[in-house]
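Novice: Given next are the chains, with one letter for each unit.
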Amino acid sequence: MKSVPENRLTNSGFGSATSVSFLSLTRLRGMGSLIALILIMGVFAVSSPAFLQIQNLMNIIVQVAVIAVIAAGAMFIILTGGIDLSVGGVMALAGVLAASAVRASDSTTLGIVVCLGTAVLFGLLAGVLVTYGRIPPFVCTLGTMSIARGIAFVYSGGIPISGFPESFRFAGSGEIAGIPMMVIIPVVIYAILYFVLVRTPFGKIVYAIGSNEEATRLTGIDTQKYKLFVYSLAGLLTGIGALLYIGRINSGHPGSGIGYELNAIAAVVIGGTSLSGGRGSIIGTVIGALIMGVISNGLNLMNIDPYFQSVVLGTVIVFAVMIDQHSQK
Amino acid sequence: MAAALEMRGVSKRYPGVVALDNVDLTVSHGEIHAIVGENGAGKSTLMRILSGATTMDQGNIRIDDVAVEIGSSQRAIDLGIGTVYQNLNLVTDLTVAENIYMNRFPMRGGFIDRQKIADGARRALSEMNSDIAPSMRVGDLSVADQQMIAIARVLAYDIKILILDEPTSSLSKAESDDLFRNMRRLKSRGVSIIFISHHMDEIFSVADTVTVLRDGRLIGRWRTNELDEHALVHHMVGREVTEMFPKEVVPIGDVVLSANHISVDGMVHDVSFCVRKGEVLGIGGLVGAGRTELVKSVFGACPGRSGDICLDGQPVDIRSPKQAVEAGIAFVPEDRRYEGLITEFSIEDNIGLGSIWELTRRFVVDAKARTKLSDDMIQTMNVKTPSGKQLVKNLSGGNQQKVVLGKWFARQPKVIIFDEPTRGIDVGAKAEIYRKIGELAKVGVAVIIVSSELPELMGISDRIIVLNKGRMTGEFARAAFSADRIMLAATGKAGLDATSPRGQQQ
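Chains A and B supply the protein sequences, listed in that same order.
Under numbering that gives the first Met the number 0, residues 0 to 328 are what the first sequence spells out, in order.
Under numbering that gives the first Met the number 0, residues 0 to 505 are what the second sequence spells out, in order.
Just chain A, with the same shape it has in the complex:
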């Protein structure tokens, strides 16, 4: 863990990924985790010759694709000062329902609609409970996580639903011009979300709510409405994550996605987003997800016990939050 350059992260911790000079500041802020990523990759490149091969690098992206997409949604919620623990459960439910719909109807379109629809509905539900129901996001999504996971098991009887038409699996296992969809989809999503966050009024308002919700409200902005939208957007991204996941493993499993919520939050936090809201960049989040993927992949190549990987990852998270805390001053 010597490779994490704390001091650089500290320097980049100035939380203004929000002004016109957004690009330069975002680069600055993302820089700390970017350097960490490069250093970690350097260590693995030296210790394992297979690491830097294109095929392996592509593998890393495919491996982190689902988490990266979900983390993007988690990041929006965290930027508003909230948190979402429900993504793992919602992913499983959306996957199971979509799998069942596809098996029953043989319609890829229906499968996609069910998958995304379920996830958006759960996002909307969490949003309504958090805003109008005034339930703290942590408790609320802890509840919806359990509800979604429970329904997934009840509905499927605990049995995975497998075997989909090729078209339904395209998002997870298809490729265009030799590039896996698991690479293309996250890249496109991140490009769109970057634009949304940096250039649109919606993005600005998300940062404003996370920095000072009351002042934002008193400026004449309907903060509740935007929070509702943010939770729904996170739901949509969880749905896309589920689509990628079941397409890849060709099965909707009620036990899938366990721990994904924490991995998504970890990616966001490692990427330098403040858990108290208002500060963070989308590029940081993608780097955070990549760091997690690289560590896991590199340690695998070095034949290191998978249980030990968990120790390393945990250490990275703790350091990331510590750096975040110290840079807030």
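No false leads were slipped in.
Computed beta-carbon distance windows for the label pairs:
(1) B:Asn88 / A:Pro135: 19 to 27 Å
(2) B:Asp365 / A:Asp221: 18 to 26 Å
(3) A:Asp221 / B:Ala430: 33 to 41 Å
(4) B:Ser125 / A:Leu123: 52 to 60 Å
(5) B:Val363 / A:Gly177: 32 to 40 Å
(6) B:Ala368 / A:Leu120: 34 to 42 Å
(7) A:Gly149 / B:Asp365: 45 to 53 Å
Just so you have them, the derived chain A footprint on chain B, three or more residues with Cβ under 8 Å:
(8) 313–322
(9) 333–341
(10) 345–358
(11) 362–370
Just so you know, the hints here were simulated from the structure itself, not pulled from any lab data.
All figures in this text were calculated on a predicted structure; none of them were measured in a lab.
Every residue gets a Cβ at the ideal spot worked out from N, C-alpha and C, and that includes glycine.
Here the structure of chain A is known, so what remains is to put chain B in place on it, guided by the hints.
Specialist: Relative to the frame of chain A, chain B by itself:
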């Protein structure tokens, strides 16, 4: 006999402000001593020095003719000075006994000795003629009972000087009378009480002596039987104020906003007012009189409002700040840093946020238009900053307030509401804010200003309404402004008879 407490030549400076300038205070044994003054007169600073919450720059303190240094609140208690703050500082989830023994629990075998604290608490409370059960949860008690507990907690130490900071601000008349009985009982036991209050009737009924502060200076010390309410108010307010404010006479037009029979759950009761084009309407009253709730509810930011609001003669339904802003009302809140601005944002982002949809072209915020708007406002409001990219948290209070003004001015509102617009702002910036308010009126904006500073209110308003405990107790046209009468209305002593009804419409 030496005085119980003698403070001599006490001075305290904060950056940009002299809070206390060579102030003396003498309190005798077994005396109830009121300290009065307007907001900002230095009362709280003086009490904070005495209770060890802050230190003085100059001066000396003697207790029973012995020079002492009060460096910390623990030291103050050791010296026998106990303070009950306005917010009481109780832990509402713990019991009465636990609160009274907080920080010094008697232990037995490693655990708190429950029997001992229950007995001790019962004894302390019975001394104050109270039969509150020591096992009650403090949060379940009335404010008056909570206050009793806060006092009992302080008295559990060997206290010779008790400071009560506006103890009656949230008590009913009967509860206040109970409190006064307890104060007299303590006095008869030789405890000296320093009592801070804005309410003239209370001061004259319970205090023996009164010290008046104004602008951080000592005005004088009188026995309460040596003067009457009018004289005391005059000492508090003092100066002739109008020339400090360059009030420009602007032609006043039609009614822009009228609020009729506004009530806010338990805080505002049936208040009606209106404000005209180019007019500056002041809302006076003591802290806690319901002024903030009144204006916030008109802005849609305070739930539980009843009553009607009309803009330009048309009824408008304002239930949220968003609706208020869309209707052309702007609100400059009392607490800039938590309600008015996003301090982590740049000036440009703050000004831009107020007009974010107006600055949006095809889903994208037009960065150039925003920079231009922001630069215009920085210039109009004379914000002192190297650039609009500067983070608001790095600006001084006055410049922060100018950014809030700029954010709203950019929207060209019909009505702009200020709540304590110059709180925590240095004198120079204050004058500038007043000038900007005058300019707003000049271009035809209807201005409403809530202020606790009487000179400010009288200096910039065309008309003043006064609230006391949520009700309107006075209305004054500029020609009839009188600090004494406004202060009397604020303390609930004057009826509406003192008014000139020019502003009452319909």
